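Trainee: Sequence:
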Amino acid sequence: MQQRLLGIPTTAISDATGGHTNIDGSIKPLSNHFKIAGRALTVRLPDGENGAVLEAISKAQEGDVIVIDAKGNMNRAVAGDFVISLAKGLGVQGLVVNGVIRDIEAVRALNFPVFSLGTTVAAGFKNGGGTVGVPIAIGGVAIQPGDYIIGDMDGVVVVPNKDVEQVINAAEAKMQNDELRESEALSGGASSIRAYLDKVLAK
1 MQQRLLGIPT
11 TAISDATGGH
21 TNIDGSIKPL
31 SNHFKIAGRA
41 LTVRLPDGEN
51 GAVLEAISKA
61 QEGDVIVIDA
71 KGNMNRAVAG
81 DFVISLAKGL
91 GVQGLVVNGV
101 IRDIEAVRAL
111 NFPVFSLGTT
121 VAAGFKNGGG
131 TVGVPIAIGG
141 VAIQPGDYII
151 GDMDGVVVVP
161 NKDVEQVINA
171 AEAKMQNDEL
181 RESEALSGGA
191 SSIRAYLDKV
201 LAK
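Position 18 (the sequence shown) corresponds to 18 in the UniProt record's numbering; numbering is contiguous.
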């Protein structure tokens, strides 16, 4: 399942889901080459806190994507390079954060996929609180533990676990249709482009 998802761009998955589970585009990858596709391990944090992130890392299975609802807090980081190194070392596939991280230069050097609202200089508080493995909502989308999270330079999409096979099949079919369309429209230069446009506009 994961390997099939890694081969599908988020745009095709969005088309297959009708665009209803696209996370807000303000949550972006720190580097454009990052690609993730895995099951969500969810974290809900009190505003400005980050203590439960370590608990999530300790509970994560290899290939999981840790998805953190930090309430959109832009002032306090949920993780820096050390915490992200722990996640990478245990096989976590990536982080998706409705909030910010810090130590961006060192994090980029880790080549570990992080999707977030940006960066800050301030560490999060560790006064307690936070819950792992509960339903959350980030970027306008509800996420259940075990849902699939797919992210690339275009954005992040959620696929409910119960729908993943159907969505993969629809997305792969969409990619095949797109290839046929491109071949038809672009194979003969201007003449094939005009023929394609005439056909589409005549409908």
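Be careful, since some hints might not be right.
[To be verified] Calculated pairs, DMTMM-like style, for lysine to aspartate or glutamate (alpha carbon to alpha carbon, straight line, at most 20 Å):
1) Lys199 to Glu182
2) Lys35 to Asp47
3) Lys35 to Glu172
4) Lys88 to Glu55
5) Lys203 to Asp178
6) Lys126 to Glu105
7) Lys35 to Asp154
8) Lys199 to Asp154
9) Lys126 to Glu182
10) Lys162 to Asp178
[Said to hold, decoys possible] Pair by pair, the computed Cβ-Cβ distance ranges are:
11) Lys199 to Gly133: 48 to 56 Å
12) Leu197 to Met1: 21 to 29 Å
13) Leu186 to Val134: 44 to 52 Å
14) Leu86 to Gly128: 15 to 23 Å
15) Leu86 to Leu186: 43 to 51 Å
It is worth saying that the hints were derived from the structure and are not from the lab.
Just so it is clear, the structure is predicted and the values come from calculations on it, not from any experiment.
Backbone N, C-alpha and C fix where the C-beta goes; we use that ideal spot for every residue, glycine too.
Trainee: Checking each numbered hint in turn, tell me which of them this model violates, lowest number first.
Mentor: 2, 6, 8, 9, 10 and 12
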